[in-house]
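A.B. asks: Listed here are the chains, written in short residue letters.
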Amino acid sequence: MTEPLVRIEQARKSFNKVHALRSVNLSIYPGEVLFIIGPSGSGKSTLLRTINRLEMLDSGSVWFDGIDVMDHKTDIRHIREQIGMVFQAFHLYPHLRVLDNITLAPRVVKKVTAEQARLKAQQLLEKIHLPDKIHAWPEQLSGGQKQRVAIARALAMEPRLLLFDEPTSALDPEMVKEVLDVMLDLAREGMTMAVVSHEMGFAKAAAHRVIFMDEGEIVEEGSPDQIFNRPQNPRTEKFLQHVLH
Amino acid sequence: MGLEIDREPRVNIQVTDGVLLPEKSQPTLFNSWAIAFTLAVVLLVVLPIVRPDPYWNILVTFPAGILVTFQVTVSAIILATLIGIFVGIGQLSKRTFINRLATVYVEIIRGIPLLVQIFFLYFALGRFLRLQDFPAAVLSMAICYGAYMGEVFRAGIQAIPRGQMEAALSQGLSRGQALRLIILPQTVKIILPAIGNEFIALLKDSSLVSVVALTDLFRQARNYASVTFNYFDAYLMVSLVYLVFTLFLSRLVAFMEEKLKQHD
Ligand SMILES: Nc1ncnc2c1ncn2[C@@H]1O[C@H](COP(=O)(O)OP(=O)(O)O)[C@@H](O)[C@H]1O
Ligand SMILES: [Mg+2]
Numbered sequence: 001m002t003e004p005l006v007r008i009e010q011a012r013k014s015f016n017k018v019h020a021l022r023s024v025n026l027s028i029y030p031g032e033v034l035f036i037i038g039p040s041g042s043g044k045s046t047l048l049r050t051i052n053r054l055e056m057l058d059s060g061s062v063w064f065d066g067i068d069v070m071d072h073k074t075d076i077r078h079i080r081e082q083i084g085m086v087f088q089a090f091h092l093y094p095h096l097r098v099l100d101n102i103t104l105a106p107r108v109v110k111k112v113t114a115e116q117a118r119l120k121a122q123q124l125l126e127k128i129h130l131p132d133k134i135h136a137w138p139e140q141l142s143g144g145q146k147q148r149v150a151i152a153r154a155l156a157m158e159p160r161l162l163l164f165d166e167p168t169s170a171l172d173p174e175m176v177k178e179v180l181d182v183m184l185d186l187a188r189e190g191m192t193m194a195v196v197s198h199e200m201g202f203a204k205a206a207a208h209r210v211i212f213m214d215e216g217e218i219v220e221e222g223s224p225d226q227i228f229n230r231p232q233n234p235r236t237e238k239f240l241q242h243v244l245h
Numbered sequence: 001m002g003l004e005i006d007r008e009p010r011v012n013i014q015v016t017d018g019v020l021l022p023e024k025s026q027p028t029l030f031n032s033w034a035i036a037f038t039l040a041v042v043l044l045v046v047l048p049i050v051r052p053d054p055y056w057n058i059l060v061t062f063p064a065g066i067l068v069t070f071q072v073t074v075s076a077i078i079l080a081t082l083i084g085i086f087v088g089i090g091q092l093s094k095r096t097f098i099n100r101l102a103t104v105y106v107e108i109i110r111g112i113p114l115l116v117q118i119f120f121l122y123f124a125l126g127r128f129l130r131l132q133d134f135p136a137a138v139l140s141m142a143i144c145y146g147a148y149m150g151e152v153f154r155a156g157i158q159a160i161p162r163g164q165m166e167a168a169l170s171q172g173l174s175r176g177q178a179l180r181l182i183i184l185p186q187t188v189k190i191i192l193p194a195i196g197n198e199f200i201a202l203l204k205d206s207s208l209v210s211v212v213a214l215t216d217l218f219r220q221a222r223n224y225a226s227v228t229f230n231y232f233d234a235y236l237m238v239s240l241v242y243l244v245f246t247l248f249l250s251r252l253v254a255f256m257e258e259k260l261k262q263h264d
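Sequence lines, in order, name chains A and B. Residue numbers are given in this note's numbering: position 241 of the first sequence equals residue 241, and the series is strictly consecutive. Residue numbers are given in this note's numbering: position 229 of the second sequence equals residue 229, and the series is strictly consecutive.
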């Protein structure tokens, strides 16, 4: 059995009185596409954000590649540069052109030369089908284009894990597919991905495992077929009915 | 389904002591700015022509003082901006010591009248650092305005959506790198008009340093008055000159604000 890339044990986190995570255990394996569903406020974002320590846990632990993420002695920047994150609201750097959005972190964090970073950016823009937007400003892009550039920005660091937090929820319906297609390509190439989303089509096509969260807990997990077609827990069933109809 | 999208910043940070900023709704010819500006310019041109004595005689003593006023203002605003960056970041710092240092500095400065501060700083700097008049005056102004500039930067940094810092951190940047490369460049753009307003306020307040030593614009007027005893006319002319400068600059700031809005 291969070692998990991410191991989360007994993770607890609350904001004031609100329990965002109550005792979550989860492992993510290399090459796996993990799909996370659940109602709003169930702790999905918090779970993703603990993996790169954008949120600290109250108790419990997170391990990335065997390294204790929550330990203050850990060089968190070295962990974060190996984990790409794609946000619902894109968060492109509005004062930088597409090229600089993609090359900034490799140059600053990994000390890649400007020339190498540019070549890599060109490759990535080909990959996301936006080669002619290299000198565009973020504000000149559509939502779908912005999110694809955000994915390219994350890929530029050559991450070992990609976290997606509702990557298509802020998009107009006609732009969802272009983003999902890029994500499907990545899944086929064997990228390890944790995806919070409600795009069941993507899950059926690419996910190896689906987890359903509710009120800060993982209520049920299984293959896409198990979860979507034969959910065991009534809460899962109720949620799916709500989302699918 | 949990659509909590950060909205783009549409913040207009106004830390001003009320220079007349033209409003868009006002017709350009007869708005209050145009009336005041025209009046000042006309008086400044007509009075010396109609009555060269005393008005022309007063006016010709001004240029050297105007130069000093602008030298003090430009130097002080640059220094104050630098101080402001650190104070603004310090006020937002999670490190208690740095945070206290910055907030206490702002509290102290805001609680003392500017004229009193300038007297105190000017004499303190002269006595302990043996500074010359000009650097002492500039530093006094910069220390005062650094506090206000700190407030401008704090508000500007807070106006940047949190996701920007998170995106940068998630890529492995340090907090300092994220501030320098991602947050501050965006901050500067939105606070440029506020900095312009601080510049105008500083230009006016620089007249206070004439009390201690420098022969700036206001000191020239006072010198003229003390020799001729014609206080009214000397102060009238110097008022008009200040007014023309500040009104012109406020127009420039408003124009800059428009440009920045268009770019959004
Ligand atoms: N920064 C925060 N401050 C206060 N409460 C928060 C914060 N982040 C999340 N929460 C709360 O924690 C719970 C889980 O939130 P979240 O992880 O964002 O859920 P999801 O992504 O599934 O919608 C919610 O009740 C939310 O209001
Ligand atoms: Mg969420």
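No lab work stands behind these hints: they were computed from the structure. Glycine included, C-beta positions come from ideal geometry on N, C-alpha and C. Please note that the accuracy of each hint is not assured.
The following label-pair restraints were derived from C-beta to C-beta distances [what the hints assert, rightly or not]:
(1) B:F120 with A:A136: 33 to 41 Å
(2) B:A213 with A:Q116: 50 to 58 Å
(3) B:K189 with A:G66: 40 to 48 Å
(4) A:D172 with B:K189: 33 to 41 Å
(5) B:L114 with A:H129: 33 to 41 Å
(6) A:E158 with B:K189: 44 to 52 Å
(7) B:G111 with A:G66: 20 to 28 Å
(8) B:G111 with A:A136: 46 to 54 Å
(9) A:I134 with B:K189: 49 to 57 Å
(10) B:Q158 with A:L119: 32 to 40 Å
A.B. asks: Would you list, in rising numerical order, the hints stated earlier that this structure does not obey?
C.D. replies: Checked against the structure, the hints that fail are numbers 1, 4, 5, 6, 7 and 9, while the rest are satisfied.
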